[in-house]
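Visitor: Spelled out, the chains give:
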Amino acid sequence: MKKEWKKPELEVLNV
Amino acid sequence: MMNHETISLQDCVCQGKGSIVSDMGGEKVMLSVQNGKYYNLGEIGGKIWDSIENPISIGQLVSTLMREYDVDQNECEQHVISFLAHMAGEGLVQVGADGHRE
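Note that the protein sequences, when read in sequence, are chains C and X. Under the working numbering, the residue at position 6 of the first sequence is numbered 6, and the numbers go up by one with no gaps. Under the working numbering, the residue at position 36 of the second sequence is numbered 1036, and the numbers go up by one with no gaps.
If you're looking for bench data, these hints aren't it; they were derived computationally from the structure. Heads up, the beta-carbon is just placed ideally off N, CA and C, and yes, glycines get one too. Take the hints with a grain of salt, since some may be wrong.
Among the chain X residues that face chain C by a calculated CB cut under 8 Å, a handful are [as the list claims (entries may be wrong)]: (1) Lys1037; (2) Tyr1038; (3) Tyr1039; (4) Asn1040; (5) Leu1041; (6) Ile1044; (7) Gly1045; (8) Glu1068; (9) Tyr1069; (10) Glu1077; (11) His1079; (12) Phe1083; (13) His1086; (14) Met1087; (15) Gly1091.
All chains, full assembly: derive it from the sequences and hints.
Guide: Here it is, written out as structure tokens:
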């Protein structure tokens, strides 16, 4: 059973 | 700055140096020592990061992901190239004919 695909996104965190 | 038009499936990609990476709740979080920014790669972005510890062609990377995830090839290629272009633009990965192009 394959996993669900979600578009990979690079999120820049505001730290 | 690299954009997705300049990256091809034949290019190799590998992790850039100078990042501290941690798993948080199934997602990959990264601190770039070079620019001081924090990033969240998410679950699949984290999987991509783990897969490029050693230089690998983007075509091989897509094949690896397709074995694990339910996604068609064209969509996977577009998403992966877009993600890697963003990573390369932030200096987090190296992409090129040998995985070492700046």
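Visitor: Of the numbered hints stated earlier in the document, which are not met by this structure?
Guide: Failing hints, ascending: 10 and 15.
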